[in-house]
Amino acid sequence: MGSQIVIDPVHRIEGHGKITIQLDASGHVEDAAFHVTQFRGFEKFCEGRPYYEMPSLVERICGICPISHALASAKACDAILGVTVPAAGQKLRTLLNLASIMQSHALSFFHLSSPDLLLGFDGPPEKRNILGLLETHPQLATDGIRLRQIGQSIIEWLAGKKIHPTWVVPGGVGEPLSTENLENIRAVLPEARDIVLRTIGWFKPSMEDYREEIRTFANFPSMFLGLVDPRGNLAHFDGNLRFMDYQGNIVADQVPPARYADYIGEAVENDSYLKSPYYLPIGYPEGIYRVGPAARLNVCGGCRTLLADEEWAEFKSLEKGPVLSAFYNHYARLIEILYTIEKAEQLTADPDILSPKVRSHAQPNFFEGIGVVEAPRGTLFHHYQVDENGLITGVNLIVATGNNNLAMNHGVLQVARHFIKNGEVSEPVLTRLEAVIRAFDPCLSCATHALGMMTLHVRLLGPDGRVMDEKWR
Amino acid sequence: MTPTAPIAQKPRTDVNPVRIYTLRIDGRDVSGREDETILTVARQNGIFIPTLCHLDGLAERGACRLCIVEIQGSPKLFAACVTLVKQDMDVITDSARIRDYRRKILELIFSERNHVCAVCVVNGNCELQDLAVKLGMTHVRYDYLNPPQSVDASHPRFSLDHNRCVLCLRCIRVCKDIEGASTWDISGRGIHARIISDLNQPWGESETCTGCGKCVQVCPTGALSEKGKSVAEMTKRPQFLPYLQMMRKEAEI
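Residue numbers (my numbering), protein chains in the order written: chain A, 8 to 480; chain B, 307 to 559.
Bound-form chain B, shown alone (with noise of 0.2 Å):
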C-alpha cells in the first residue's frame, strides 16, 4: 500500500493570502488579519475590553454585551468579541457611555438571579464579581428580581445552581464543541432561559454527560461547580482549552 500525502487542512496561504488591515483602537494605530475581532486585536496591543461570555479556546457568541465598543462614524454600539477589523476603523474602547452600559449591563446581571457573593462557593474567584470590581459598580440601581431558583444536585460529583447562572452559554459551547456530547442546551427565551441537561432532566440521569468536568471549569460564576467545595472554596481551572485545541491541531497535522 502505498503512502498518501496528507490532505491540506487550510488554505494555502501564499495563493491565498489573508489581508491585514490597520486601524485604530483608543487613538494607536494597530494592524490585524482580516479574520480577527477588535477584541482580538485589542488584546494582542495590550488594550483592555471586558468580558464575560467570551473565553479563550472557545467559539464566540455574542452574549453578554460587556465589550460593548464605539466605532467612529456609526451610533451603534459594536460587541468587540464578534466584529470583525476593517480597514481605517477608528474604534473606541473606553468612554462615559460605553462605561454607563457596561455598568446597567452588570446591574441587570445581578439583578436578573440571585447572586450571593458573600456564601457562594466561588466567592473571591468569581470572574462576575471581579468584572464588578474592576468596572466599579457599587450597587445596582434596579430592583432585584429574585426568582425563585433551583439547585440541580443530582449529578455524583457536580452540581447547578440556577441562581448564579448568567447565561454565558460557555458550558453549551464547551460540551459541543470540545467534548462533543452536547449535553448542554439551553430551554425557554428572554428571561425564562435556562441551562438544560439533555432534554431537561435532571443532570444525574443525563445519558450523553461524560462526567468530564469541562463545563464546570469553564462556567465565570458558581453556577456549575464542585460538589463538596464549600463556601470560596471553588476555584475553576478553563486554562486547559487553548492547550486542548492546540494539540489537537498539533495531531491534526
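Isolated chain A (complex conformation) (with noise of 0.2 Å):
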C-alpha cells in the first residue's frame, strides 16, 4: 500500500500552503504536490467598484508588497485613462517600487530564509527563527531587520505610509516628493549599502556549504520570464517582457506587457487554489517558466549600476546558461538589494524629483487596461476592463507566485524524491521540502484570486476503504 505524508502548514512563507507526496506500495516517491489553502476572491468582488479606487482594493492583497500591487494597477487604470504620467510622477513610482523591493526582500532574506541557512537545515525547528538568529548572529539580525526598516522608511518619506498608503493613483502619484522627505531618503542609503555590502561578503563563500541543496532545489530546466528596459537591461518598474528558454535563448524579447494573453496562458488544478500559468505556445504543462530576483537576473542583459552589475556577472557565470537552481534566488536576492540601493541612488541626485507635477488628470477613455511591473517575487500583471462609466467589469489578475506555481511543484517533487528514503521523512528532509518552497519565496496570500475555479472534491467510501463513488464539482 502507497502512504500519503502531508506537510501543513508550511512554515515561513507568506500564507497557508501544505505539501501532499504521495509514496508508492514501496515507499518511493511516486509523486507531490503544493498545495494553496486559501482563498481570496478579488477578481470577482472587485467587479463593479469604480476604476480609481483600484489601487487601494488591490493593495489589500497584500500587507508586504501592497505597493508593487497599487503600482501595476496604478499602470492599468493609466491605459483605461489613455494618459502618459508625468516624468516626476514616472520617476517617483519607479522609487518607491525600488524601496518596496529592498523592504521585501529583506524580509525574504534575512527574517525568513537566513535562519535556515545560519542555524543549519538540521538545527533545532523551533530555534531556526529571526529571534534564534538574534542569540547567535546578532549583527546578521539586525542589519536585516534595520535593512527592512529602511525600505519602509523611505516608503513612508515617499508615500505618507509604510503598509497600503493611498498615494499610488491612476494617472501619477498623490503628492510631490519635499526636499525633506528627499533629504531624508539619501541620508539612509549610504548604511543600506552598507549593510547588504557587508552580507553579500558572508553568503557569497559560504554558497559552497549548500552544495547540495544546490544541487536539488528546483534545479531543473524551465524557462525564465522578467522585465527588461528597451535595451534589454533589468528593469522592475517599466519594460518589456522578456521569455528565456532554459538553454539561455531568447524566445521572445520586448513583448508590449499588454500583449501577454498572446504569450501565457492560465490552467487550473484541482487541489490548489492557486492557478497555474504556463508559456502558451508550448502549452501546458510543459510551459514551465519562473519568475523572481534569478529568473529577472537570468533573463536581463545587465543592471547598469556599477556594484550590482559586477555582481550579476558573478552570478551569471554560476552555470554556462541561465542559473537554474531556486537556491541561486538568494544570491539574486541580495543582488537586486544592491541594485534598488545604487538606482535609488541615481534617482535621488535627480533634480526632476522635486518637481511638482506628478499626476495627469483624465476621465476613462479605453475600456481596458492591462499594467505590469516587477514585484520583489516577480512579474505581476494586473488586467482590468471598466464599463463607460469606468466601473470595473473584469479583472484578471497573476500574482509573482502564481507564476511559479508550475515551478514550485516540480521543486517539491524533486527534493522528495532526492531526499525521502525508503518512506521515512526525517525532519531535516521537511525542512528541505519547506526550504525549496521558500527559496521561491511564495506569497500565497497574493496570489489566489480566482473565484468559481476550485473544484469541489467528494469522495463516499465503502466500508472497506474502496471508493465507492466520486464526484467533482
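Heads up, some of the hints might be wrong.
Said to hold, decoys possible - Residues from chain B shown here face chain A by an in silico Cβ test under 7 Å; the list is partial: (1) Val425; (2) Ala459; (3) Ser460; (4) Ala538.
None of these hints come from the bench; they were simulated from the model.
A virtual CB, placed ideally from N, CA and C, is assigned to each residue, including glycine.
Join these two chains into a complex; the hints should help.
Okay, here's the thing in C-alpha cells:
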C-alpha cells in the first residue's frame, strides 16, 4: 500500500500552503504536490467598483508588497485613462517600487530564509527563526531588521505610510516629494549599501556549504520571464516582457506587457486555489516558466549600475546557461537589493524628482487596461475591463507567485525524490521541502484570487475503504 | 411710478415677541428662544451632542437619532435636533444609557451597508468615521448584512455609491431647499430605502440635475463623491451652506 505524507502548514512563507507526497508500495516517492489552501476572491469582488478605487483595493491583497499591487493597478488605470504620467511622477513611482523590493527582499532573505542557512537545515526547528538568529548572529539579524526598516521608511517618506498608502493614483502619484523627505531618503542609502555589501561578502563564500541544496532545489530546466528595458537591461517598473528558454535562448523579446495574453495561458488544478500560468506557445503543463530575482537576472543583459553589475556578472558565471537552481534566488535577492540602492541613489540625485507636476488627470477613455511591474517575487500582471462609466467589469490578476506555481510543484517533487528514502520522512527532509518552497519566496496570500475555479471533491468510501463513488463539482 | 415700501418678511418682534425660556442642560442653567431646538441651545453653550443627519443651513430631518437626549420626567428619549426647548426643561445629553444607544445606532448604520473605510474616497475625512472614533465604537456587535449595492457613475463629474449611503437625506434636502432642483428623492421603505435621481433613472440622465455639486459637498460619507478622486482624497466643503443662506437673507431685505 502506498501512503501519503502531508506537511501542513508550511512555515515561514507568506500565506498558507500544504504539501502532499504520494508514496508507492515500495516507499518511493511517486508524486508530490504543493497546495495553496486559502482563497481570496479579489478578481470577483472588485467588479462593480470605480476604477480609481482599484490601486487601494488591490493593495489589500498583501501587507508585504502592497506597493507592487498599487503600481501595477495604477498602470492598468493609466491605460484606461489613456494618460502619460508626468516624468517626476514616473520617477517617484519607480523609486517607490525600488524601496518596496528592498524591504521585501530583506524580509525574505534575513527574516525567513537566513535562519535555515545559518542555523542549518538540520538544526532544531524551534530555534530556526529570526529570534534564534538574534542569539547566535546578532549582527546579521539586526542588519536584516534595519535594512527592512530602511526600505519601509523610504516608502513612508514617499507615500506617507509604510503599509497600504494611498499615494499611488491613476495618472501618477498624489503628492510631490518634499525636500525634507528627499534628504531623509538620501541620508539612509549609504547605511543600506553597507549592510548589503557586508551580507554579500558573507553569503557568497558560504554558498559552497550548500552544494547539495543547490543541486536539488528546483534545479531543473525551465523557461524564465522578466521585464527588461528597451536595451534589454534589468527593469522593475517599466519595461517589456522577455522570455528565455532553459538554454539561455531568448524566445520572445520586447513583448509589450499589454500583449501578455498572447504568451501566457492559465490552467487550474483541482487541489490548489493557486492557478498555474504557462507559456502559451509550448502549452500546459510543459510550458513551465519561472519569475523572480534569479529569473530577472537570468533574462536581463545587465543591471546598469556599478556594483550590482559586478555581482550580476558573477551570478551569470555560476552556470553556462541560465542559473537554474532556485537556491540562487537568495543570492539574486542580495544583488537586487544592491541594485535598488544604487538605482535609488541615481534617482534621488535627479533634480527632476522634486517637480510639483506628478499627476495627469483624465476621464476613462478606454475600456481595458493592463499594468505590469516586477514585484519582489516576480512579474505581476493586472488586467482590468471597465464599462463606459469607469466601473470595473472584469479583473484578471497573475500574481508573481502564481507564475512560479508549476515550478514550485516540480521543485517539491525533486526534493522529495532526492531526500526521501524508504518512505521515511525525517525532520531535515521536512525542512528541505519547506526550504525549496521558501527559495521561491512565495506570497500565497497574494496569489490566490480566482473565484469559481476550485472544485469541490466528494468521496464516498465503503466500509472496506474502497472508493465507492467520487464526484467533482 | 411711486416706489412702494418693502413688504415686511418677518413678524415684528416688538409687537409679537419671541419667548425666552430658561432650562437646564447637563445641570447648567441656560436660556433659549421658544423656536430653538435643544441641539441649537446646547451648541450655543458649547455642549457637545453628536449628529449625523443634521447640517447647519439645512432643514432638520431627525433621521439618524444620534442626537438623542434624556429629559427628566420622561422615560422617552428625544432627538435634540427636532425637540424645541421648554421652560424648566431638564436635559441630559450624556449618560450610560444614551452612550449605549448612540453606539448601537452607529453599529447598525455600519452593519446595514458596506462601509469599507480603508478603500473609501473620504477615508480620514468622513463624518461617520469621525463619529465612530468619537463615540468609542471599537467594533460592530451585529452581523454585517453585506447587501449587494450598486454604484451609479453615470454622471460626468460625480458618482453615487449606495454602499456608503446612510440615508441622512442631506442630499435631498439641499437639492430641494437650497438649489431648488429636487433631483434627489428616496424610493422604497425601511431597509429597501435608497436614494434615487428623478424618476429612478441614472444620475447622468437626470434632466433636473444642474450639476451644482451641493449634494456631494453636504454628503457626510463617501456615498456622493467627485469622480477621479482617489482613495482618501475627497474632502467635503459644506461650509458654503450657512454663507449661502446668509447672503440670500441679505438679498431678500
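Practice task
May I ask which of the numbered hints given earlier this structure violates, with the numbers listed in increasing order?
Solution key: No hint contradicted; all consistent.
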